[in-house]
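Visitor: What follows is the residue order along each chain.
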Amino acid sequence: MDTREKLIAWMLGDLSAEESRPLEARLATDAELQRQRSVLEGTLRAARAVPSADISQAALQRLFSAAALIDPEPEETRAAPAAHGDADIHVGELIRIDFMRGVLPRVAAVAVIAFVLGLGVWLTPGELQPTVATVRDDKGMHVVLDGELVEARVGETRRITFATGEVLLDGASSVRVRSTGANSAPAFEIERGRVVVTAAATPLELKVADRDVRLDKGAVLAVDYDRAYANIADNGAVVEVQRVPIGEVAALAEKAYGIKLDVGGIPENVRKYRVSFYGSGLDADAFVDSFIESASHFGITLDDSRRYLGYQSRAGTAPLEEWQLNIALLEGSASLRAGAETLQLAGRTPEAPNFVSVSAAAATDARTLDAEALSEQVVWAAGAEGAPIRHLRDVRQSNETLPSRTVIHTDTLVLNGEQGRRIFKLGGPEFDFPLPGGRKGRLVQLTSSGAAFEVEGELVREFVPFGQQAQD
Amino acid sequence: MMPVSVPFQAGPVARRLSEQQTEKLPKPTAKHATAAELKSIEGKQPEERSDFDLLKLYVKKKSNEAFEALVNRHRRQVYNFIYKMVGRAEAAEDIFQETFLRVIKNAHTYTPRAKFTTWCLQIARNLTLDYYKREGLRQHVSIDASPNDDERSLAGLLQGSDPESGEILVSRELIEEVRLAVTRLPENQREALVLRIYDDMPYAEIAEVLDSPEGTVKYWVHEAVNSLARYLERRGLK
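Sequences listed follow chains V and W, in order.
Counting from 1, one number per residue, gives the positions in the first sequence under my numbering.
Counting from 473, one number per residue, gives the positions in the second sequence under my numbering.
Think of the hints as simulated: they come from the structure by calculation, not from any bench.
Predicted, not measured: the structure shown is a model, and the values here were computed from it.
By construction, the Cβ of each residue, glycine as well, lies at the ideal position given by its N, Cα and C atoms.
Fair warning: there could be bad hints in the mix.
[Said to hold, decoys possible] With a Cα cut of at most 27 angstroms, we get these calculated BS3-like pairs of lysine-lysine:
(1) W:Lys690 - W:Lys587
(2) V:Lys6 - W:Lys690
(3) V:Lys272 - V:Lys260
(4) W:Lys587 - V:Lys217
(5) V:Lys207 - W:Lys605
(6) W:Lys587 - W:Lys511
[As the list claims (entries may be wrong)] Pairwise CB distance ranges (calculated):
(7) W:Pro584 - V:Ser280: 24 to 32 angstroms
(8) V:Gln34 - W:Ser512: 29 to 37 angstroms
(9) W:Pro584 - V:Glu18: 34 to 42 angstroms
(10) W:Ala507 - V:Arg45: 26 to 34 angstroms
(11) V:Asp234 - W:Lys587: 43 to 51 angstroms
(12) V:Ala28 - W:Pro584: 47 to 55 angstroms
(13) V:Gly281 - W:His504: 25 to 33 angstroms
[Claimed, not checked] Chain W is faced by these chain V residues, among others (derived, beta-carbon under 10 angstroms):
(14) Met11
(15) Leu12
(16) Thr43
(17) Leu44
(18) Ala53
(19) Arg62
(20) Val455
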């Protein structure tokens, strides 16, 4: 131990009296040692002066709420909770139709929703399931159990975190989480939506559209799985209609709003064309207007009584597929297995500078896009160097090479001089982004509905919805 | 039964090994609490109930009040440990919540062999390490790096001396400098420093939490103080 180390030990009371005596004698005469003691005293005083923090009441309440759902004595005998089929499931005004799945997943999904609504559905009869991950969103945090379906609504961002990575759900998305063992990363099944998966510390397995994807350690993958889905909740407070056949939308309107729409005037084949529209707070009239607006480019009309749908032949309109899958590898390496074929997914290349990797719309379809196709596809893009866990968004019809560390957002992108768009830079050192209230922030994350900033001079991260940001 | 021979090994791991190998009967856990025990605990004043008492009430009677009392009793120490380790309130709150969810998930297996705070801090520490791994923060930024030219001298952050005591007063900015510098220490040094300096925890207990020999823990604390002092010296602290 050198003299300085001894001095530190002495100041912390870690030397015996016998060890201390010679040091104290030297301190009385040695100016350099006295200077060092002064510095160390200042250091310790400043270190001890760092104030203690306390957890917020909101976080405590979230903890207590989550704890109330956990069984503290799982192996003890107790009255078995009702099985799924016997549970008193009541989902109020919620109507949810999943066009590509069987009955069981629908029941499970409804059970999860009912559970979230606090309606007492036991998801895990018999014994406590292990915690697989945690979910965080604007409302707080809760634990994810094996087999649980995690969903995000339109405009809502939710983050599933676990020891070695994370999965980000960016609005209208749904991911099932499965345990793969006590000390292993969970596996994920993406049921729909836009999801960014990060395998930070170990490889990850995920399933999407009957494809198996393996992310190697360090990989970041963006998935856009746009598929038939409908959800109308709370009298139209939430409306999500995605790739739903026109005939089915009419049936949905009757179930949700009691409106009878007669589709007899539409040819059988046209009734199968699919439409997408979304909304919040839609009453019956607004729902019908949204529906007709989205279907009008197929030639669908509505008569003055607002009851009978008609059809005027219109050429050159390509119907939507039942689903479309786009996968882009943003960081690292990954592979995708579709049937017997295995694709090694490519990241950015000189030919495809904006990350697009795979696009598919049929069961056996798995192809790597070339640069020419890039301009026709949805591209998830970001200058992700040094920012592998950042949130990414889509860019349409762009084949421009992006500057490093740049993230672009559809609503605000400036490329090729197109109006109403803007480029953001992530993770820069300066707090130069103007925020409401005259404050300055550093952009750290983009989502579908806004951006997150670290605020200068404050130990907080703040989310600011688009439209509320000051323009510079 | 044949006597078990335990070779001498220093440190808490060896001590635990020794305890485990020489134990003839498993120690009772919270789930073994009898009705009479529970009645006795319920007869105590809330502040007289031990941590183990509260866990028994929680496990056997699903007493949310007992759980809340346990959290409130230890929240400052546990939260401060996490917060000073990760340096971000949002992440610290997540880890804090997960820590206590793990506590109740494993409450039925807890025995008072270790202090509750030690056990709880071990869980918090493991979750904090998971956080580093997940966030890619495992590699600390060395505070030995030269400060930027445009950084202000620390001398300017000191508020002068108290005319009566002659002591240097510490400004809020200097405290913030130190707080941030602590987050840049290597993990083991940071853990040891936080538990020793802020919690005033005895070295033996820190050794339990960090599962490392006591001598090593002392070394880490000394190194941490030394690194901070060197950093502050370079920033102008005389």
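Visitor: For this structure, which hints from the list above don't hold up?
Guide: 4, 7, 8, 10, 13 and 20
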